[in-house]
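J.: Here the sequence shown is numbered in our numbering, starting from -17 and rising by one per residue.
The hints are simulated quantities; they were obtained by calculation from the structure and are not laboratory data. Glycine included, every Cβ here is placed at the ideal spot set by N, Cα and C. Any given hint could be a false lead.
Have a look at the derived ranges for each label pair, beta carbon to beta carbon [claimed, not checked]:
1) Asn33 - Gly120: 23 to 33 angstroms
2) Leu181 - Asp(-11): 37 to 47 angstroms
3) Asn187 - Trp(-12): 39 to 49 angstroms
4) Asn145 - His61: 11 to 21 angstroms
5) Gly98 - Tyr11: 16 to 26 angstroms
List time: in silico SDA-like cross-link candidates among lysine to any residue, alpha-carbon distance up to 20 angstroms [stated by the list, open to error]:
6) Lys153 - Ala213
7) Lys96 - Leu113
8) Lys153 - Val(-8)
9) Lys111 - Asp137
10) Lys73 - Val(-8)
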Amino acid sequence: MSDTEWDLRVQLAAAYRLVDYFGWTELIYGHLTARVPGTDPHFLINPYGLNYDEITASNLVKIDVDGNIIDETPFDINHAGFVIHSAIHMKHSEENQVVMHTHTREGMAVAGTKEGLLPISMFSTTFYKRLAYHEYEGPSLFLDERERLLDSLGDHKAMILKNHGLLAVGKTVPAAFLRLHTLERSCQIQVDAGAAGTLNTLSDNIATKSGADRDAFLNSNADDVGQLEFAALMRKIDKLDPTYRD
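Could you build all of it, start to finish, from the sequences and the hints given here?
T.: If you want it as structure tokens, here you go:
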């Protein structure tokens, strides 16, 4: 195994531990995947049946876009996760190297509304006119949905799977995680604000300007998006439980 792949495994395992830390898990479901550098379209996915706090760099499963397990492992994979993530990894875009998909309570609540994500906070303006939506077709078990998932995502870096959950992509694990964190926080704020009173939706002009300013800030140095934040988070989980590095 190359040093590059091992470093990627460590970062992805850290992301799983962080999803657990933030309370974004739904039992053993949901997936974070990363394309392994190289010419072969292989990517890493969580072993089916493990809690997120049990995932380590070494037990991540390497598969191809057809769902075949590449390296020897005692674990299997979740087929629904394979369908969603392989659809995006099949598209050889630099922005699609890492894919993160969650089923959080707040994310699914917003995904279950007709309006979707509204521009009511600084965080949500990040995705104003920059967010894709995909219609719910039932559990993602069939390969023919992959092309429709790709069509729905288009050139966007985040997507709401209607009546299902949230999805974010990135060139790196830190970039994808920062986008997922921002999208999760946006949904949490919308649900909380709706429970507190009437939503104060920003005007199109302000939401557009805020979104452009935040996009310029987050992507001011594209290769470093999320690096500082993710490094700080890795230091946090290193103190809590560094076994993700195993």
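J.: None of the hints should be skipped; say for each whether it holds.
T.: Going through the hints against the structure:
For the pair Asn33 and Gly120, the beta carbons lie near 26 angstroms from each other, so the given range of 23 to 33 angstroms is met. In this structure, Leu181 and Asp(-11) meet the distance hint of 37 to 47 angstroms, their C-beta atoms being roughly 42 angstroms apart. Taken as a hint, the range 39 to 49 angstroms holds for the pair Asn187 and Trp(-12), whose Cβ atoms sit roughly 48 angstroms apart. Under the hint 11 to 21 angstroms, the C-beta atoms of Asn145 and His61, about 20 angstroms apart, fit the expected range.
For Gly98 and Tyr11, the Cβ-Cβ distance of about 22 angstroms falls inside the hinted range of 16 to 26 angstroms, so the restraint holds. Pair hint Lys153 plus Ala213 holds up; C-alpha atoms about 16 angstroms apart against a cutoff of 20 angstroms. For the given pair, Lys96 sits about 15 angstroms from Leu113 by alpha-carbon distance, which is consistent with the 20 angstroms threshold. Of the pairs offered as hints, the one joining Lys153 and Val(-8) holds, with about 16 angstroms between alpha carbons and a cut-off of 20 angstroms not exceeded.
Distance restraint check for Lys111 and Asp137: the Cα-Cα separation of roughly 12 angstroms lies within the 20 angstroms cut-off, and the hinted pair is therefore satisfied. Simply put, Lys73 and Val(-8) have alpha-carbon atoms about 24 angstroms apart, too far for the 20 angstroms limit, and the pair is violated.
Violated hint for the displayed structure: number 10, the only one.
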